[in-house]
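Peer 1: Below are the chains, spelled out letter by letter.
Number of protein chains: 2
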Amino acid sequence: MTPGRPVPPPLGKPLILAEPPVEPAPADAPAARGTLTAAMGATSAGSGLRPLTLARREPKDDDVEIDIEYCGLCHSDVHATRGEWGSRPYPLVPGHEIVGRVRRVGSAVEDFHVGELVGVGCLVDSCRECESCLEGLEQYCERGNVGTYGVKDPRNGGAITQGGYAGTIVVDRRFVLRVPEGMDPASTAPLLCAGITTYSPLRYFDVEPGDVVGVVGLGGLGHMAVKIAKAMGAEVVVFTSSETKTAAAAELGADRVVLSRDPGAMEAAKASIDVIIDTVAAPHDLNPYLRALRLGGALFQLGLPPSDMPPVSPGLLIRRRLAYSGSLIGGIAETQEMLDFCAEHGVASDIEVVDAAGLNSAYDRMVAGDVKYRFVLDTKTLHTPSEKADA
Amino acid sequence: MTPGRPVPPPLGKPLILAEPPVEPAPADAPAARGTLTAAMGATSAGSGLRPLTLARREPKDDDVEIDIEYCGLCHSDVHATRGEWGSRPYPLVPGHEIVGRVRRVGSAVEDFHVGELVGVGCLVDSCRECESCLEGLEQYCERGNVGTYGVKDPRNGGAITQGGYAGTIVVDRRFVLRVPEGMDPASTAPLLCAGITTYSPLRYFDVEPGDVVGVVGLGGLGHMAVKIAKAMGAEVVVFTSSETKTAAAAELGADRVVLSRDPGAMEAAKASIDVIIDTVAAPHDLNPYLRALRLGGALFQLGLPPSDMPPVSPGLLIRRRLAYSGSLIGGIAETQEMLDFCAEHGVASDIEVVDAAGLNSAYDRMVAGDVKYRFVLDTKTLHTPSEKADA
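Chains A and B are the protein sequences, given in the same order.
For the first sequence, my numbering gives the first residue as 1, with consecutive numbering after it.
For the second sequence, my numbering gives the first residue as 1, with consecutive numbering after it.
Check the hints yourself; a few may be wrong.
Stated by the list, open to error - If we take Cβ atoms under 10 Å as the criterion, some of the chain B residues that face chain A in the derived model are: (1) P201; (2) L304; (3) P310; (4) S313; (5) P314; (6) R321.
Note that these hints are calculated values from the structure, not bench results.
Bear in mind that the values here come from a model prediction, so they are computed numbers and not experimental data.
Note that the Cβ used here is the ideal one computed from N, Cα and C, for glycine as well.
Could you put the whole structure together from the sequences, leaning on the hints where they help?
Peer 2: Here it is as structure tokens:
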């Protein structure tokens, strides 16, 4: 399986089957239908989000069942549910920024206990055997990681994974994170995607006090990049096309703001930055940002634009030995490290809590860029699950 | 001064002045006209190479005067003398792969002695004060390095530097390399550009035994990349569009050859390479090569195409945390390290020696790709210098 390439459902698949096996179920597949839980999901690309009932599997020996308290709304949820990234299996319950408390554990689970605050991010499994997995880089699993929603789950009969806009979730203990007590569950939820996605390249580049970090784009990912880079001791420069974001950047802790449309300001920023975290998912010209990098600097692109980017100038890369790089979320151990780091440094996401009924308008506001900086679903506002599973 | 951006001469500049000061000469500028030497250079973009007489400066306290024995022909010499990289100051004597013996030294030179085998590469000076220079990365001098030919030399009255297709050259001791005795002068010459340009990114990536190195393009740079990577203990894979190069690649020591036009071969090479040295200077699609990189791999582009490259796919960079990078020659200390490494491992360039009268046809053959793998000028074949300097 290729990461991020979910398998479309068979034609004519009925909606009523809970976590339908799309391949013959192995002999050890769980027989039980599991617990029904309320969820919000899409039944087609055009359906918007609507109430559904999910049947979660009965916890197996290594499983942790979690009562979800909050789930962050990631821009990729919008793309996935609306079918903007290609065909998806429906019904589809998105959400991979999950914080909740342990409800039940399987018989082999010793490291999590009922009532503990835990998190689940973008991954719920991987092959566990390839070089990447053995190095704790499950996000780069060579056989394809198992995303938290919308992909086949080989260890669970090939069922399509369903995400965190729901009352509960069941996840193998190896993919459950410990949320340090004292962290606010709602504003911690976005750390599981937006937080780790920006933390990982900053760590990979080995950002230290005194380094200068540039952040392009001040949305869900960008605002986390500013906070985390500051907590790492870096000087932070925000590049923005909008003068109106200057004050907001300063509030987040940015040391300087550079207006990317101002050629003089961009010229003044030339060769001044060690590493740039580019969070803009629309096609845009990277060369002005590459010019801002010092010798040996790197630009990490985190967003995947829907069409080609303008070409990067090899001359810029050659003349200052720059690297144009990318980075994908983070591994499980690194995600735990990030949570501990954020707890230690008091880093959390700036959020706006929404209830289930407000999800669709929250999506519209996300598309319009009208959120500072992350919506988080309060799962207490979900409906009561029906007696029959929709998905 | 921007590296590689030579300053055009003032209009109407007479050709007879030796190393003309294009800015008012400083008070300590050498008064002497220096020694006349035979050279081959261009007097205009269309002139081809023709016999000229250069007046080299009298050695200053820190200077080393070198009797040039051999000078490699680099593809950039063709671009520069033909004006293909923008306007150049003429007359222009190219050549930055220089090996010869010390003829005279200035009064402050203690580390070089008359008769020693030495080399000069692409740089003859830099600011010596910026962070890059202090780190031994003179090629990335923040104020612009001083190239061996065609640029203003601030410490020598702003004279335009003239390269190694000549009988002698005078260079500050800090930019003179020691060629280990026992190395063949002719086949060592190309190491000063083609060698260091490929050695530096391989070292920067920290190539070790067991790593897999890919080489794209099997010309002057590519054949050095194969030899140096093999000497570093790597497994070497050559990507070529021409089936006829398979045997040649094997002769150089390559372990495998992948035909880049064969989709099946490229698919089989997927995620198998740690670092790729791309030596192709024409615009080409890098995405097939990026697909061949393992997690955390890097592609170093060394050639500067005359027009835009097709865009790189950010998704490839993101899904395997790849780096698309560039690299520019190497610093002086690293160039010395490279020469010592090549001496230790018996690495030299595969060359064809040409005489002065054959330079223009050698250029035509280089443009046609008809050389295995580097032409080297034998300076014994130069004419006798006139009594008056042309440049």
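Peer 1: Are the hints correct? Go through all of them and say.
Peer 2: Going down the list of hints, with the structure as the test:
1. P201: Check passed: Cβ of B:P201 comes within 8 Å of chain A, closer than 10 Å.
2. L304: It holds, given that the least Cβ distance between B:L304 and chain A is near 5 Å, below 10 Å.
3. P310: 7 Å, holds
4. S313: 8 Å, holds
5. P314: 5 Å, holds
6. R321: 6 Å, holds
The structure shown violates none of the earlier numbered hints.
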